[in-house]
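Here the sequence shown stands for residues 1 to 904, numbered as in our numbering.
For the record, the hints were derived by calculation from the structure and aren't laboratory data.
Every residue, glycine too, gets a C-beta built ideally from N, C-alpha and C.
Be a bit skeptical, because a hint or two may be false.
To be verified - Simulated restraints on C-beta separations:
1. 162 <-> 668: 57 to 65 Å
2. 442 <-> 593: 36 to 44 Å
3. 415 <-> 133: 21 to 29 Å
4. 126 <-> 51: 21 to 29 Å
5. 133 <-> 92: 36 to 44 Å
6. 189 <-> 501: 27 to 35 Å
7. 489 <-> 422: 43 to 51 Å
8. 110 <-> 261: 29 to 37 Å
9. 755 <-> 391: 49 to 57 Å
10. 349 <-> 502: 38 to 46 Å
11. 489 <-> 25: 58 to 66 Å
12. 415 <-> 227: 28 to 36 Å
13. 565 <-> 747: 46 to 54 Å
14. 565 <-> 497: 43 to 51 Å
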Amino acid sequence: MSRIPVEAPLEELERLCGEDHSPLDCVQVAQDCIAGVQGGAPLDVAERVAELLAARRKRLSEDDEGRVSLYYVEANAWRVRYLHAGREHDLRRAIEAIDGAFAAAGPDHSMYSQIRADRAIIHVLRPGTDVIGELRATVQDPDIDSRTRARVMLNLVNELQQRYIATQDSTALDEAVDLADQALELDSRTDDDKYWWRLMRAGQAHVFKGAHNRDAASFDQGIALHLRSVARLRPGHPYWPGALNQFASALHGRALMTGSGDSQRRELALAVHLLRTSVHMADPAAPDYPTFAENLATALRGLWRVTGEQSLLDEAITVMERGRASSEASPTARERDSLAMVTAMLRIARDPRDPEFPDLLAEGLSNAHPHSAVLGGLLGAYLETEAEDWQGAADLLRHVVERLPHAISEAIPLEDRERGLATIATDLARDAGAVFLRAGRPVGEALQILESGRTLLIGQALARHRNADLDPVRAMSPPLAARVEELRAELARVQDAGHGPNADRRHRLVGELREVTEQIRSLPGLDRYLLPPAPGELARRVGAVPVATVNVSRFRCDALILREGGGTQLVPLPDLTQEEAARRAEEFTAAVTVLSRPLQQGGPTLKERLHHGAVLVEVLSWLWETVAEPVLAALGITSVPGTGTLPPHLRWSPTGPLTLLPLHAAERPGTPGDSVMARVVSSYIPTLRLLDDPRAEAAPSPPREGYLVVPVPHSSLMPEEPLEQAGEEAAHLGAVLPQARSLEPEGVSAPVVQAGLGGARGVHFAGHGISDAHHPSRSHLVLRDEILTVADLIAQRLDGLGLAFLSACHTAHAGARLPDEILHLTSAFRAAGARNAVGALWKTGDEHARRFTEVFYERLGSPVDGDTGGPDPERVAAAVHHAAVRVREEYESPMAWAPFVHVG
């Protein structure tokens with residue numbers, strides 16, 4: 001805003017009120033004075049205006065309608081002062097005045113609708129108020145007129161945008177855009193003095209959505225609205241700097257997203273020029289000034305990155321310092337929480353050893369939204385590694401990992417969480433574990449920080465499902481345990497809801513769960529409630545089957561072996577690098593893709609089969625030499641067991657690029673004993689959070705019976721790819737398993753399958769599986785006419801399901817975008833409560849899958865015998881191992897014998 005003179009209007013108001021002129025005359029001049037305060041006039045003017053109006057009102061009779069307008073403008077004067085000064089007294093007086101206007105107006109008053117809306121807008125300024133809920137209720141109020149409803153809608157739009165900034169909840173943007181468009185339709189006037197404001201609010205909504213979705217069309221629509229907003233005002237208008245700043249900031253964002261070369265440079269330069277103009281004309285004392293300064297500094301940095309002109313970065317830092325000074329002088333300044341972090345990023349870009357950076361970063365980490373805090377902490381940690389300050393880097397990474405669950409909160413949709421993890425945490429957990437080791441921290445702590453930062457989505461699903469974790473809580477505080485169960489049940493009902501009131505409930509419930517969790521952690525002995533188990537606890541849980549976690553990081557690569565009673569053993573892997581692991585995974589995946597191509601779709605030529613087959617052999621040999629052999633040697637497994645003896649059982653927990661490779665198939669060509677399959681029975685475990693606590697009682701589960709068989713030989717979604725062997729598998733299982741209960745292929749729908757999963761002791765699915773590397777939660781089983789996704793599965797309670805066998809392609813493949821989430825169909829069954837899951841890493845041949853399945857069940861025996869928890873994991877792992885050995889005897893290629901894995 002820019003300053004406008006108020007001396008003359010204030011003198012006029014003094015005269016009018018003192019001489020008892022009509023309330024309407026007093027109100028009109030008072031509004032000019034308030035506009036002056038909003039434009040930078042001293043705050044005492046607002047207080048004086050309110051006092052004059054109150055005095056004039058008190059001299060009116062109780063039935064004088066002029067009291068309504070005097071009350072109303074008095075409330076606005078106190079509100080403006082509160083927004084600038086932050087004094088509780090001012091807010092209290094504003095509430096008293098607007099309540100007086102509301103009581104005096106009555107439903108039949110011409111201003112009733114407007115007063116009702118402003119009453120909600122003022123009341124939500126009270127600390128602790130559910131702002132979005134109150135505004136939403138006002139929007140739905142049938143007693144307000146369409147123009148007032150439009151104004152409240154746009155206030156709600158702003159609050160939803162703030163929710164998005166704080167949480168990255170895309171449903172808030174969807175709702176904001178819908179509301180903004182509705183508001184422009186409800187109040188379509190183009191000749192009033194608030195039209196520019198409605199255009200600006202709508203433009204902001206579209207720009208935010210365009211940036212989030214990287215959608216140029218949304219950006220363009222938002223920029224067009226901003227341009228119209230600026231055109232409605234003229235330089236010198238108190239709100240012109242703000243409208244111009246928003247327009248120019250949108251230009252900057254679009255240029256970064258869609259521009260290139262000279263055109264990008266020109267648009268960035270234009271944005272910087274306009275932003276400079278807006279900041280120059282704005283009042284440094286205005287609450288919005290820090291926001292204007294931050295937008296300019298951000299654009300200057302964007303132009304610097306394109307041109308390399310150091311003066312731009314210097315200017316950006318100077319601008320941010322002015323913005324911070326303005327923020328410190330104004331208690332209600334916007335963007336206060338982000339200023340230190342932005343300043344820190346600018347300073348470190350100019351000088352990697354800037355002495356002010358650590359203090360600015362610390363201030364930013366304590367005040368910034370979780371998402372920004374994670375990004376800032378990561379940058380600080382990586383700068384510490386460049387200086388080889390491993391202790392400082394480890395401390396920062398611990399802070400970042402602790403903030404990560406708040407940045408990737410269950411309050412936001414699953415796909416938003418995936419997007420957030422891909423943006424801020426692709427390497428976080430692995431790098432944290434490696435840095436802890438470089439810093440000389442205990443191996444157990446390195447494993448713990450690694451576990452804390454990975455498989456966050458599986459961890460969230462486990463926390464929702466495992467009410468058994470409340471047993472120790474019940475023993476100490478039954479009310480807290482009951483409250484957690486109640487909140488979890490309520491959250492489950494709104495978890496997949498879109499925007500609107502259910503989204504509000506989701507955010508509220510997650511906040512309440514976080515508060516209750518902190519209360520539980522304050523109880524004796526429960527300080528690690530819902531956190532990854534401590535090293536000593538992990539060693540107790542691992543049991544007789546060791547776990548080899550293979551950590552792949554730019555800083556170092558190691559295996560961390562956890563075994564019963566032995567703590568955590570560190571096995572350095574000096575020949576393994578992250579760069580080579582990524583390259584090998586890419587080569588292997590490309591080779592598998594070509595070799596999996598059906599003949600009817602232009603299958604591989606003989607030359608391609610030979611070439612890509614050699615790639616598989618080479619990668620498996622590399623895996624043996626760099627990873628598998630050193631791990632087995634550390635475990636003392638250096639030879640093949642005797643004939644007829646089952647090899648020892650080992651669980652692999654790979655990270656990073658290794659999650660895309662079959663560690664269980666690693667071998668040295670031509671040396672039969674030098675192979676993982678010859679020396680151990682392999683299983684996989686995505687996260688050590690899945691290690692059961694042997695002391696805990698089994699979670700209660702519904703009565704289960706029978707073994708569900710789900711055949712999908714034909715699907716309307718993939719008519720060109722029938723799977724006749726799916727029906728053959730179902731028939732075979734029906735013949736050899738008395739407990740098998742097969743669904744009719746024509747009736748395989750999602751509700752039917754989910755109901756079956758809820759009552760069966762095991763399930764065998766035969767059909768197509770689709771892996772979505774970009775959004776793993778969208779990976780799915782293909783049913784007759786619909787799909788069953790990972791998101792559907794992890795939302796279901798499958799406690800007591802003993803075995804899920806997925807005879808389908810790609811059901812154990814998560815993709816490279818989120819390698820450390822290891823979220824695929826097979827792990828989804830485990831996260832939902834299944835004791836064992838078997839799936840495929842890649843597309844399997846019909847004959848290979850049929851043969852593997854036959855041998856597996858032949859070795860396993862009944863999949864529903866034993867206790868209610870289903871077959872023992874060792875037994876399932878042995879059956880998978882035996883089936884792979886038998887198939888290998890018949891088919892030499894790893895494509896045939898290596899795809900199926902046991903997750904347990």
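Now the hints, each set against the structure:
no.: 1; hint: 162 <-> 668: 57 to 65 Å; in the structure: 58 Å, holds
no.: 2; hint: 442 <-> 593: 36 to 44 Å; in the structure: 42 Å, holds
no.: 3; hint: 415 <-> 133: 21 to 29 Å; in the structure: 25 Å, holds
no.: 4; hint: 126 <-> 51: 21 to 29 Å; in the structure: 23 Å, holds
no.: 5; hint: 133 <-> 92: 36 to 44 Å; in the structure: 22 Å, violated
no.: 6; hint: 189 <-> 501: 27 to 35 Å; in the structure: 30 Å, holds
no.: 7; hint: 489 <-> 422: 43 to 51 Å; in the structure: 30 Å, violated
no.: 8; hint: 110 <-> 261: 29 to 37 Å; in the structure: 57 Å, violated
no.: 9; hint: 755 <-> 391: 49 to 57 Å; in the structure: 54 Å, holds
no.: 10; hint: 349 <-> 502: 38 to 46 Å; in the structure: 41 Å, holds
no.: 11; hint: 489 <-> 25: 58 to 66 Å; in the structure: 60 Å, holds
no.: 12; hint: 415 <-> 227: 28 to 36 Å; in the structure: 32 Å, holds
no.: 13; hint: 565 <-> 747: 46 to 54 Å; in the structure: 51 Å, holds
no.: 14; hint: 565 <-> 497: 43 to 51 Å; in the structure: 47 Å, holds
Hint compliance for this structure: hints 5, 7 and 8 are broken, all remaining hints hold.
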